[in-house]
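Student: Here the protein sequences come in this chain order: A and B.
Following the working numbering, the numbering of the first sequence begins with 327 at its first residue and continues without gaps.
Following the working numbering, the numbering of the second sequence begins with 327 at its first residue and continues without gaps.
Treat the hints as calculated values from the structure; they're not laboratory data.
Because the structure is a prediction, the values reported are computed rather than measured.
No residue lacks a Cβ here, since even glycine has one placed at the ideal position from N, Cα and C.
One thing to keep in mind: the hints can contain errors.
As the list claims (entries may be wrong) - DSS-like mimics (lysine-lysine), calculated; alpha carbons at most 27 Å apart, straight line:
#1 B/K523 <-> A/K432
#2 A/K535 <-> A/K523
#3 B/K587 <-> B/K535
#4 A/K523 <-> B/K432
#5 A/K535 <-> A/K548
#6 A/K589 <-> A/K535
Said to hold, decoys possible - Which chain A residues face chain B? A few, computed with CB under 7 Å, are given here:
#7 G371
#8 T433
#9 F485
#10 L488
#11 Q492
#12 C502
#13 I503
#14 T508
#15 P510
#16 N516
Unchecked claim - Quick list of simulated restraints, FRET-style, between CB atoms:
#17 B/I430 <-> A/N555: 23 to 33 Å
#18 A/A463 <-> B/T582: 35 to 45 Å
#19 B/H597 <-> A/A463: 54 to 64 Å
#20 A/N409 <-> B/E468: 45 to 55 Å
#21 A/N555 <-> B/M514: 51 to 61 Å
#22 B/T508 <-> A/F542: 50 to 60 Å
#23 A/V406 <-> B/G575: 35 to 45 Å
Here is what each chain is made of, one letter per residue.
2 protein chains.
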Amino acid sequence: MEAWLMTGRDGGADLHPIGNTPVVILVRPQLAENIGATARAMANGGLFHLRLVAPRDGWPQERAWRSASGADRLLEAAEVFENVDDAIADLHHVFATCPRPRHIVKTVMTARGGSAELRAMTSRGLKCGILFGPERAGLDNEDMARADALIRYPLNPDFMSLNLSQAVMVMAYEWCIATDSTPPRELMTNETHIATKGELDNFMRQLVKELDECGFLRNEQKRPGMVRNLRHFFTRGEVTEQELRTLHGVISELATNRRRKDKAMDIALTHSGETED
Amino acid sequence: MEAWLMTGRDGGADLHPIGNTPVVILVRPQLAENIGATARAMANGGLFHLRLVAPRDGWPQERAWRSASGADRLLEAAEVFENVDDAIADLHHVFATCPRPRHIVKTVMTARGGSAELRAMTSRGLKCGILFGPERAGLDNEDMARADALIRYPLNPDFMSLNLSQAVMVMAYEWCIATDSTPPRELMTNETHIATKGELDNFMRQLVKELDECGFLRNEQKRPGMVRNLRHFFTRGEVTEQELRTLHGVISELATNRRRKDKAMDIALTHSGETED
Numbered sequence: 327m328e329a330w331l332m333t334g335r336d337g338g339a340d341l342h343p344i345g346n347t348p349v350v351i352l353v354r355p356q357l358a359e360n361i362g363a364t365a366r367a368m369a370n371g372g373l374f375h376l377r378l379v380a381p382r383d384g385w386p387q388e389r390a391w392r393s394a395s396g397a398d399r400l401l402e403a404a405e406v407f408e409n410v411d412d413a414i415a416d417l418h419h420v421f422a423t424c425p426r427p428r429h430i431v432k433t434v435m436t437a438r439g440g441s442a443e444l445r446a447m448t449s450r451g452l453k454c455g456i457l458f459g460p461e462r463a464g465l466d467n468e469d470m471a472r473a474d475a476l477i478r479y480p481l482n483p484d485f486m487s488l489n490l491s492q493a494v495m496v497m498a499y500e501w502c503i504a505t506d507s508t509p510p511r512e513l514m515t516n517e518t519h520i521a522t523k524g525e526l527d528n529f530m531r532q533l534v535k536e537l538d539e540c541g542f543l544r545n546e547q548k549r550p551g552m553v554r555n556l557r558h559f560f561t562r563g564e565v566t567e568q569e570l571r572t573l574h575g576v577i578s579e580l581a582t583n584r585r586r587k588d589k590a591m592d593i594a595l596t597h598s599g600e601t602e603d
Numbered sequence: 327m328e329a330w331l332m333t334g335r336d337g338g339a340d341l342h343p344i345g346n347t348p349v350v351i352l353v354r355p356q357l358a359e360n361i362g363a364t365a366r367a368m369a370n371g372g373l374f375h376l377r378l379v380a381p382r383d384g385w386p387q388e389r390a391w392r393s394a395s396g397a398d399r400l401l402e403a404a405e406v407f408e409n410v411d412d413a414i415a416d417l418h419h420v421f422a423t424c425p426r427p428r429h430i431v432k433t434v435m436t437a438r439g440g441s442a443e444l445r446a447m448t449s450r451g452l453k454c455g456i457l458f459g460p461e462r463a464g465l466d467n468e469d470m471a472r473a474d475a476l477i478r479y480p481l482n483p484d485f486m487s488l489n490l491s492q493a494v495m496v497m498a499y500e501w502c503i504a505t506d507s508t509p510p511r512e513l514m515t516n517e518t519h520i521a522t523k524g525e526l527d528n529f530m531r532q533l534v535k536e537l538d539e540c541g542f543l544r545n546e547q548k549r550p551g552m553v554r555n556l557r558h559f560f561t562r563g564e565v566t567e568q569e570l571r572t573l574h575g576v577i578s579e580l581a582t583n584r585r586r587k588d589k590a591m592d593i594a595l596t597h598s599g600e601t602e603d
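Looking at chain A on its own, in the form it has when it is part of the complex (with noise of 0.2 Å):
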C-alpha cells in the first residue's frame, strides 16, 4: 500500500513513493506533452517512478513539466537509459503494453489482470515495470521478447491507438483500484443520516393528514391505492433525514398557505355575497 505526501505547490505536488510500486518505462518516446501527461497519469494513480529509454528529443524538456500539472516530482526523478536491457536490468518481473499480439507465443493479459499480478508480485517484495512503446509504433519484437507477459486492453478493435498517456492513465487506474474496496453505489449524506422507517413512516402520516385535509383523498375507494403510491414513491430511492424535514416544511408550507388562501377567499366570497360549497 502507498502513502503520498502532499506539503506544497512550489516545483509540483510534494509526492514521494512509499511501498514498492511499479516502474513505468516509457520506450524511445517522442513526444515532451506525452512524458509530462504520463506523470500526471501516474500520480493520479498512485505510481511515482518513471523511466525513460532513449527519448527521441533529449532529456529534460520544458514541455514535458508544462502538461504534467505539478507532477514535477516524479519528472525530476526520472532516470533515463539507452537502452531497454539497462533500464529492466534490476527488475524481477517486466510488462509490455501492446494494442496488437503479433506472431508470438506470450502469455497476454488484461490491464485489470495485469495489475492484480502487479499487486501480488510488489507484495512479495519484487521490483515490476511496465514497458509503453513509442507513440507511432508501439513496442517492437525485441522489447516485446524482453517482457515476462503482454497486457492488452480489450477496447474498441476498430480504433485502438490509444494516446501514449491515455494508456499508462489506463494502468494508473486499474493499479490503484485493484486494492480499493470503495462501495460501487453510496448515498452521500455528509451532515445527516439515511432516513430510518420510523422518520419515513411520520412523515407519510403528515403528508397523508394535510392530504385528506384539503381534500385530495376524499375518494374513499382510490384512496388506499393513492395512499400506497405515494409511499412506493417516497421509498423508490434511499432518504435522508434532513430531506424528509425538509419536505415536511414543504408540505406545511403550502398547506399553510392554502388555508390563509381559502381564508382570504372565505372573506372576499362573503364580502361579495357569493358562496362556493
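Take the given structure of chain A and dock chain B to it, following the hints.
Tutor: Same frame as chain A, but now just chain B:
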C-alpha cells in the same frame, strides 16, 4: 452491444454508433485539444455521441481535429448547447463526474459501478449521459443538482486532478470492458498449441537420455532429484508444442556438437600421446 465499421482514413476512421451508447457531455470545456483528445478516448472505448455545453472558444475549432487522431466523425457529429438543461433535456438518466463531493446529499458511484448501471439502463432503452466539468473548476453545484448520481474515481487522494480527456478515458474504458469477457491471463499460441503432457514427457526423455550420455547425471544418488527439478522447471509455465520441438533441436545440436568435439579431442589426444579419464 456495439459494432463498429472502419472503411477508410479519409477524414478519419469511419466510426458509427450502433446500439444505445451514453452521451458524453463536456460542460464549458476550455481547451480544444482536450475536446479532440476526448473524442479519441471515446472512440477507443466505443462511445460516439459528444455534446458540448458553451465551449469557451466556440465551435468548431481546428485544434480539436488535430488531437482526435482520426476520431473525426465524433467531432463532426458533436452537438453544441447553451446550457446543461438543454443538453440533457432528452436524456433519462444523467451521471456527473466529480473528484471531490461537496456538502451535498447525493448518490456517489465508482467508475466501475457507474458503468454497470449505464449498461443496465441503456439495454433497457434509456438514453443516458455523463457530464464532465471544465478543466479548471470542474462541475458547479447547479450542474451536479441536475445529475441522478455522481461518479468519482477512487484514485490517489493527494493528486486527484485528472486531465479532462483522461477522465473521459477512464469512463470510456470502464464502459467498454463492462461487457468484456477476455480472460485476465491467457497464453497466446498463434500457429502452435499448448503442449500435452505426453509431448512434454517425450522431450523430458530425450533431455534425460542426452544428460545421461554426457555424464551430467552420473551421481546416481542425486540423479532422481536432479531429473525432478528439471521437470519442475519445464512445467512452471505453459509451453507450446513448437517450443518443445525447438528445445529438442537445441539439445540435439548441443549434444552432436559435444560428440564432434569429443571425437576431435580424442584424435588430438591420441596424436599427442596423451589420455584423460
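Student: All the hints need checking, so say for each whether the structure fits it.
Tutor: For each hint, the structure was consulted:
Note on B/K523 and A/K432: the hinted pairing holds, with a Cα-Cα distance of about 19 Å set against a maximum of 27 Å. Using a Cα cut-off of 27 Å, the hinted pair A/K535 and A/K523 holds, with the two alpha carbons roughly 18 Å apart. Between the alpha carbons of B/K587 and B/K535 the distance comes to roughly 19 Å, so the proposed pair stays at or under 27 Å and holds. With a CA separation close to 19 Å, the supplied pair A/K523 and B/K432 stays within the 27 Å bound.
As the CA atoms of A/K535 and A/K548 are separated by approximately 16 Å, the hinted pair is consistent with the 27 Å bound. With a C-alpha separation of about 19 Å, the suggested pair A/K589 and A/K535 falls inside the 27 Å cut-off, and the hint holds. At about 6 Å, the closest approach between the beta carbon of A/G371 and any beta carbon in chain B falls short of 7 Å, and the interface hint on this residue holds. Among the interface hints, the one on A/T433 holds; its C-beta lies about 5 Å from the nearest C-beta in chain B, closer than the 7 Å criterion.
The interface hint given for A/F485 is met, as the beta carbon of that residue sits about 4 Å from the closest beta carbon of chain B, less than 7 Å. Hint status for A/L488: holds, given a least beta-carbon distance of 6 Å to chain B, under 7 Å. Checking A/Q492 against chain B: minimum C-beta separation of about 5 Å stays under 7 Å; hint holds. At a threshold of 7 Å, the smallest CB-CB gap from A/C502 to chain B is about 5 Å, leaving the interface hint in force.
Taken as an interface hint, A/I503 checks out: its beta carbon lies about 6 Å from the nearest beta carbon of chain B, inside 7 Å. At a threshold of 7 Å, the smallest CB-CB gap from A/T508 to chain B is about 4 Å, leaving the interface hint in force. Hint on A/P510 holds. Least Cβ distance to chain B is approximately 3 Å, under the 7 Å limit. Interface restraint check for A/N516: the shortest CB-CB distance to chain B comes to about 5 Å, inside 7 Å, so the restraint holds.
A hinted range of 23 to 33 Å for the beta carbons of B/I430 and A/N555 is consistent with their spacing of about 28 Å. The hinted window of 35 to 45 Å between A/A463 and B/T582 holds, with their beta carbons roughly 40 Å apart. One distance hint, 54 to 64 Å for the beta-carbon pair B/H597 and A/A463, holds here, with the actual separation near 57 Å. For A/N409 and B/E468, the hinted distance range of 45 to 55 Å is satisfied, since their beta carbons lie about 54 Å from each other.
Separated by about 57 Å at the C-beta atoms, A/N555 and B/M514 satisfy the suggested range of 51 to 61 Å. The hint said 50 to 60 Å for the Cβ distance between B/T508 and A/F542, and at roughly 56 Å that hint holds. Roughly 40 Å separates the CB atoms of A/V406 and B/G575, a value that falls within the hinted 35 to 45 Å.
The structure shown violates none of the earlier numbered hints.
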